[in-house]
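Below are the chains, spelled out letter by letter.
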Amino acid sequence: MRWITLLGRLGTVTLMTGLALGLVWLIPSAQMGITFGGENRVLPEQYQTSYTGSTLTPQNGLSISIESNGTLIVYFLDIFQWDLQDWARTWVEQQFPNLTESEVWLSTSNMTVLNAFLESHSDVVLWKSDATTELSKEFFPTTVSNATIIIANPSLNYVTFQYEIKTVTRLRLRIDFFSQLNCLYQSALS
Amino acid sequence: MGKGRPFLEVFASALRENYRFPILEIFAFLYAFGTFIFAGLGVLGTVAQTSEIYAHGLVNSLTGMPLFIFVILILVNIAYGLGNDIERGVVQTLLSYPLKRRSILSAKLLSALGIAILLFLGMQMLALFVLAPDIILSYFSTVLLSYLANLSPALLIAGIVLLLALVLKRGSVALVIGIVLYFGLSIIGSLVPFLAYTGFDITKAYAVIAPNMALDRYYSGVGLPFDYIGRWWIPSFSEVLFYLGAAYVLVAVIFLLGYVYFERRLGI
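Line by line, the protein sequences are chains A and B.
The opening position of the first sequence corresponds to residue 1 in the numbering used here, with each subsequent residue numbered one higher.
The opening position of the second sequence corresponds to residue 1 in the numbering used here, with each subsequent residue numbered one higher.
Zero decoy hints are in this set.
Listed next, with one range per pair, are the computed distances between beta-carbon atoms:
| # | chain 1 | residue 1 | chain 2 | residue 2 | range |
| --- | --- | --- | --- | --- | --- |
| 1 | B | 221 | A | 43 | 39 to 49 Å |
| 2 | B | 122 | A | 3 | 19 to 29 Å |
| 3 | A | 96 | B | 121 | 55 to 65 Å |
| 4 | B | 122 | A | 2 | 15 to 25 Å |
| 5 | B | 144 | A | 138 | 28 to 38 Å |
| 6 | B | 176 | A | 28 | 34 to 44 Å |
| 7 | B | 252 | A | 11 | 34 to 44 Å |
| 8 | B | 144 | A | 71 | 43 to 53 Å |
| 9 | B | 191 | A | 101 | 53 to 63 Å |
| 10 | A | 43 | B | 238 | 53 to 63 Å |
Only part of the chain A face toward chain B is listed, based on derived beta-carbon distances under 8 Å:
| # | residue |
| --- | --- |
| 11 | 9 |
| 12 | 58 |
| 13 | 59 |
Some but not every residue of chain A turned toward chain B, in silico, with C-beta under 8 Å:
| # | residue |
| --- | --- |
| 14 | 12 |
| 15 | 13 |
| 16 | 16 |
| 17 | 17 |
| 18 | 19 |
| 19 | 20 |
| 20 | 21 |
| 21 | 23 |
| 22 | 24 |
| 23 | 57 |
| 24 | 142 |
| 25 | 143 |
| 26 | 144 |
Don't read these hints as lab results, they were simulated from the structure.
The structure presented is a predicted model; accordingly, all values stated were derived computationally and were not measured.
Glycine included, each C-beta is placed from N, C-alpha and C at the ideal position.
Just chain A, with the same shape it has in the complex:
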């Protein structure tokens, strides 16, 4: 009889916990902080930094939406812009020692430099989009990360794009609670 009472109480406690989690689940992510954007242009086979500077956490992420007249690739990198610039400059100077100061500066924005950087620093890529003309993405890292958004133009044409970047805050419950449960279930099965 006591076991039935105990199980009953455990059941009601679980039910109340579930009710609380259900209520939290209904809370949407909120835009808290800065929003910026506008119209911009990327040269053929070049890239540019559209956002850098803040620290992202599992609760504080970035939302980006882009519309363009040509295909673009968007990268979320766990690095600050100036670190990428320093690396790019050094790499270009080593690869092309005969370039002038201004040529080096211009070359650091080439896709080949970005690709070389990503090849040697694959761990900094938090997320990468497919080549696309329209994109809407809300990104939250799983650990504390530095955030830089790179927009790259792999095509041979100029690409003009409208973009909006927002800092967003949320409880990760909406997406991850059930995926965590699934992970636990899968690991228990294996």
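Use these hints to put chain B onto chain A, whose structure you have.
Here is chain B on its own, set in the frame of chain A:
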């Protein structure tokens, strides 16, 4: 019959008394709701410089309201559960069990404190695992340290309320004093930095009662240039451990006094 069954009888009776339906259910709801609602959402770009600091900040944010609920629950359990038992003479029935007095007190405290801590930490761990699993698994020792530091003032007040309930034999008075102490400590905690600037520095003394202040100061000092810190006391990690240890020694002494009083001095 061994001593296990009477112990369980006393424990079960304390559980029935402390967590009558729907008290446990309401507290489970409040813990879960409060934990997730107050999860650290305001650390973008400024405070969280490393994952370790973020882990500590997240634990601090999660413990805010649920810790207050936890304190209320344990104070009510101890003051009313034990104080009223003494006041109404119920404890005489308990003393008729073939158990030593300290075992009876242990059974009562296991129900009043143990279950409350289990519920509190269970909900917190669930929240941490859901909110930031990678960080929590990587910095589990930081998480553990932060919880130890956050829980020690609550346990200290619980110990004082236990002692007061035994000495005064009045649960309600002990409960009121406990709540006043809790708020008093919070107010003093917020005044400590201002007092330090006026020259009346009680930061280190306060850190013995609330070691989370030392831990907070330690993490706030990580990465800062020394000159920038100025007059703030930034402890080293070993100092943090010392203050945490001192806080738990203090808690242990208070509970020990409660045990000694219950065993030897409590005249019923």
